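Undergrad: Take the sequences, apply the hints, and build the full model.
What follows is each chain in one-letter form.
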Amino acid sequence: MSIKSDDQVAKLTRHVKLLEQALLDEREAKKALEQKLDDIDQHKFESYKELISALKQANNRQIQLKVLSTLAHHQAVSTSTIEMLTTFLVETSQLLEGAVFLFDYKNPERAVCYHLNATASKLERLFHGRIDITNLLDDIEEDDSHWRRLQSSGNEWGKITEHFANNYLISFSYQPLKKRKNLVIIDLPHYCYSEDVKQTLDTAAQQFVSALQKRSTEEKLARNFHQLERTVKKLKNTQKQLVHSEKMASIGQLAAGIAHEVNNPIGYVKSNLSVLSEYVEIFNKALNEAAEHIPADDELSFAQDDIGELMASCHEGIERVADIVSGLNSFSRKDDEAKFSAVNLNHVAEESIKIAWNQVKYNSEVVTDFDEDIPAIDGHKGELQQVLINLIVNASHAIEENGLITIKTWSDDKVHISVSDNGSGMDENTKNKLFEPFFTTKPEGKGTGLGLSISYAIIEKHSGDIAIESTVDEGTQFILSFPRK
Amino acid sequence: MKGAIFCGYRDYVEQAHGIVTWLEIIDRSELAESSSFIATDLYEDKIFVELLTITVELLDVELSELLRAFGKFLFPTLAGAASHHMDACDNVFDFLDHVENVIHIEVKKSDPMAYTPSLILDKVDDQTLLLKYTSHRQVCFLAEGLIYGAANHFNEDVAVEHVSCTHHGDKHCLLKVTTK
Numbered sequence: 001m002s003i004k005s006d007d008q009v010a011k012l013t014r015h016v017k018l019l020e021q022a023l024l025d026e027r028e029a030k031k032a033l034e035q036k037l038d039d040i041d042q043h044k045f046e047s048y049k050e051l052i053s054a055l056k057q058a059n060n061r062q063i064q065l066k067v068l069s070t071l072a073h074h075q076a077v078s079t080s081t082i083e084m085l086t087t088f089l090v091e092t093s094q095l096l097e098g099a100v101f102l103f104d105y106k107n108p109e110r111a112v113c114y115h116l117n118a119t120a121s122k123l124e125r126l127f128h129g130r131i132d133i134t135n136l137l138d139d140i141e142e143d144d145s146h147w148r149r150l151q152s153s154g155n156e157w158g159k160i161t162e163h164f165a166n167n168y169l170i171s172f173s174y175q176p177l178k179k180r181k182n183l184v185i186i187d188l189p190h191y192c193y194s195e196d197v198k199q200t201l202d203t204a205a206q207q208f209v210s211a212l213q214k215r216s217t218e219e220k221l222a223r224n225f226h227q228l229e230r231t232v233k234k235l236k237n238t239q240k241q242l243v244h245s246e247k248m249a250s251i252g253q254l255a256a257g258i259a260h261e262v263n264n265p266i267g268y269v270k271s272n273l274s275v276l277s278e279y280v281e282i283f284n285k286a287l288n289e290a291a292e293h294i295p296a297d298d299e300l301s302f303a304q305d306d307i308g309e310l311m312a313s314c315h316e317g318i319e320r321v322a323d324i325v326s327g328l329n330s331f332s333r334k335d336d337e338a339k340f341s342a343v344n345l346n347h348v349a350e351e352s353i354k355i356a357w358n359q360v361k362y363n364s365e366v367v368t369d370f371d372e373d374i375p376a377i378d379g380h381k382g383e384l385q386q387v388l389i390n391l392i393v394n395a396s397h398a399i400e401e402n403g404l405i406t407i408k409t410w411s412d413d414k415v416h417i418s419v420s421d422n423g424s425g426m427d428e429n430t431k432n433k434l435f436e437p438f439f440t441t442k443p444e445g446k447g448t449g450l451g452l453s454i455s456y457a458i459i460e461k462h463s464g465d466i467a468i469e470s471t472v473d474e475g476t477q478f479i480l481s482f483p484r485k
Numbered sequence: 001m002k003g004a005i006f007c008g009y010r011d012y013v014e015q016a017h018g019i020v021t022w023l024e025i026i027d028r029s030e031l032a033e034s035s036s037f038i039a040t041d042l043y044e045d046k047i048f049v050e051l052l053t054i055t056v057e058l059l060d061v062e063l064s065e066l067l068r069a070f071g072k073f074l075f076p077t078l079a080g081a082a083s084h085h086m087d088a089c090d091n092v093f094d095f096l097d098h099v100e101n102v103i104h105i106e107v108k109k110s111d112p113m114a115y116t117p118s119l120i121l122d123k124v125d126d127q128t129l130l131l132k133y134t135s136h137r138q139v140c141f142l143a144e145g146l147i148y149g150a151a152n153h154f155n156e157d158v159a160v161e162h163v164s165c166t167h168h169g170d171k172h173c174l175l176k177v178t179t180k
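Chains as they are written, first to last, in this note's numbering: chain A, 1 to 485; chain B, 1 to 180.
Source of the hints: derived by calculation from the structure; they are not laboratory data. Hints are not guaranteed to be accurate.
[What the hints assert, rightly or not] Taking lysine to aspartate or glutamate pairs in the DMTMM-like style, the calculated list, with each CA pair at most 20 Å apart, reads:
#, chain 1, residue 1, chain 2, residue 2
1, B, Lys171, A, Glu91
2, B, Lys171, A, Asp196
3, B, Lys108, A, Asp41
4, A, Lys44, B, Asp41
5, A, Lys31, B, Asp41
6, A, Lys17, B, Asp11
7, A, Lys49, B, Glu100
8, A, Lys56, B, Glu100
9, B, Lys176, A, Glu97
10, A, Lys31, B, Asp11
11, B, Lys108, A, Glu50
12, A, Lys36, B, Asp111
13, A, Lys49, B, Asp111
14, A, Lys198, B, Asp97
15, B, Lys108, A, Glu91
16, A, Lys44, B, Asp97
Source: prediction; values computed, not measured.
TA: What follows is the structure, given as structure tokens:
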């Protein structure tokens, strides 16, 4: 039995050995086949290699382009630079899965710090006050709009350090405005990013900086443009004013010449008329005494009756001419500053209202809005009253009924008084000619057209300005401005 | 996963624990269809995970110990296949810098369109290396084993720490390799 079993064991052992050998042979054969397959694969792979790497590159480029184009799109549609910045930071933070810190500063000792979580979409102030980031900046290489790895060189960064969770930091700084700087720090779980991601990050940052610069150039250009517009407007106004004052000066000279020339003849016509009146009386007396000896004559008696009236009318006429000449004189006379003293425009206005009241009370109500604290101006009270009365009466003439005349005073670097009405208003043509002597909108014989030109001369004499705001059918406002005393 | 890894694992188990252990593992496996794997074919990762799990149970060893041992065993095989890459390296960090070219080419050879994970590293300092392994396959443990194998090859002693891992719900695996 044992011999037999020994034989069996030997036989079985032999079988196992042979089987093991067979297994080994099979394995060797399989290995050889696999090697052959592998060689074929290798060969195949070699021919595909370039294609595969091109495909991989294309895929990476596509991702890169997607990020960049999303950013570019946001930069184009963002209405403000802060919106642009937020989008850039959110995209970057999502790409890198890191928390973003933004430091905004002019002076590194007083920087404002903002924080953006990987999941948030809005920047939030991190500290209540400002923080000192001088030490932090010392560890950052000069800004050239590239992301850089940030490591402490042993400097204490201050209380910001406790907000960095991972200590794998990258920084990026740029200058959004001339005197301001921004520093972006991203707190990352690691630095393991592919070259593509790093490149995308850098390109995105540069794209962001140039978009920002472009935007701020645009904003600067827009500001300059507005300033230019304002300057042009101011120049136009000044030119208009210059032309106007030149015109008024020429008219003033002309008026002075006429007044001077007319004054003489008026003088003797006026005195001659007085003498003539006396003569007429003597003639009348003589005629009455000698009436019996003179044959009845209708024409003579008519002339005798009419002459008195004619004389009175001549007197009236010459008085009117004299008035006009005197008006022209006050328009052209500019050198009469001797009687100037401190005048309060509120008092001038109150008295002017009293005097004008009789003329305006029928169709208008007068409202006052005085600043009781306006400073005094240097001027001639009577003349200023003349101006205001003229403006108030003119206002009431522009009103048919239920008028409202508002007189307001206020002051800034100058002292102002305005007279506004809710009357018929004026068109451009009227406004342009308003201050010319003899220009009037009133019916013939109702106004001389000298009121406003004299007022103008008076205001000029007071070194003041006069501005008019007027809209047809809505009303007119005259604003007089005088230098403080 | 490349069949060569399975073949390597079989060789390792047979050499360290005998052919019967290997056959026992295959017998217990529900996913493996045969005890023989073709080196040039690609197999599902989960099969390998299952084989490892069974081995850990059967032999009552720590997974990390098993991987370390397997990595040491497998590394020369892989290194032999990619000797032109190996010649440029004289330490484990340098090798890890090239490893992507080695592993991925092996996979791509079998299927040019096969998905390959990305392996990105960052040398934190002379002693520390961070390795980010992004993959929808969960074979970071193999990477861990191979790092041990590589260290062994270069006569270095390293510690590999899983800082984050897809097995714990993280987006990617982050391996921290520290030389001692």
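Undergrad: A separate judgement is required for each hint: does it hold in the structure or not?
TA: Each hint, compared with the structure:
Restraint check for lysine 171(B) and glutamate 91(A): the C-alpha separation of about 18 Å stays at or below 20 Å, so the hint holds. Only pairs whose Cα atoms come within 20 Å are accepted, and lysine 171(B) paired with aspartate 196(A) is accepted, the gap being roughly 19 Å. For a cut-off of 20 Å, the pair hint linking lysine 108(B) to aspartate 41(A) stands: about 9 Å separates their Cα positions. Under the criterion of a C-alpha separation no larger than 20 Å, the hint pairing lysine 44(A) with aspartate 41(B) is consistent with the structure, at around 15 Å.
Between the alpha carbons of lysine 31(A) and aspartate 41(B) the distance comes to roughly 13 Å, so the proposed pair stays at or under 20 Å and holds. Between lysine 17(A) and aspartate 11(B), the direct Cα distance comes to roughly 19 Å. Compliance with the 20 Å bound is thereby established for this hinted pair. Pair hint lysine 49(A) plus glutamate 100(B) holds up; C-alpha atoms about 15 Å apart against a cutoff of 20 Å. A threshold of 20 Å between alpha carbons decides the hint, and for lysine 56(A) with glutamate 100(B) the separation of about 14 Å falls inside it, so the pair holds.
Restraint check: the Cα-Cα separation between lysine 176(B) and glutamate 97(A) comes to about 18 Å, which is no more than 20 Å; the hinted pair holds. Restraint check for lysine 31(A) and aspartate 11(B): satisfied, since their Cα atoms lie roughly 12 Å apart, inside the 20 Å limit. For the given pair, lysine 108(B) sits about 12 Å from glutamate 50(A) by alpha-carbon distance, which is consistent with the 20 Å threshold. Our distance criterion of 20 Å between C-alpha atoms is met by lysine 36(A) and aspartate 111(B), whose separation comes to about 16 Å.
A threshold of 20 Å between alpha carbons decides the hint, and for lysine 49(A) with aspartate 111(B) the separation of about 12 Å falls inside it, so the pair holds. Using a Cα cut-off of 20 Å, the hinted pair lysine 198(A) and aspartate 97(B) holds, with the two alpha carbons roughly 17 Å apart. In summary, the hint linking lysine 108(B) to glutamate 91(A) is not supported, as the alpha carbons are separated by about 33 Å, beyond the 20 Å threshold. For the hint linking lysine 44(A) to aspartate 97(B), the alpha-carbon distance of about 26 Å lies beyond 20 Å, and the restraint is violated.
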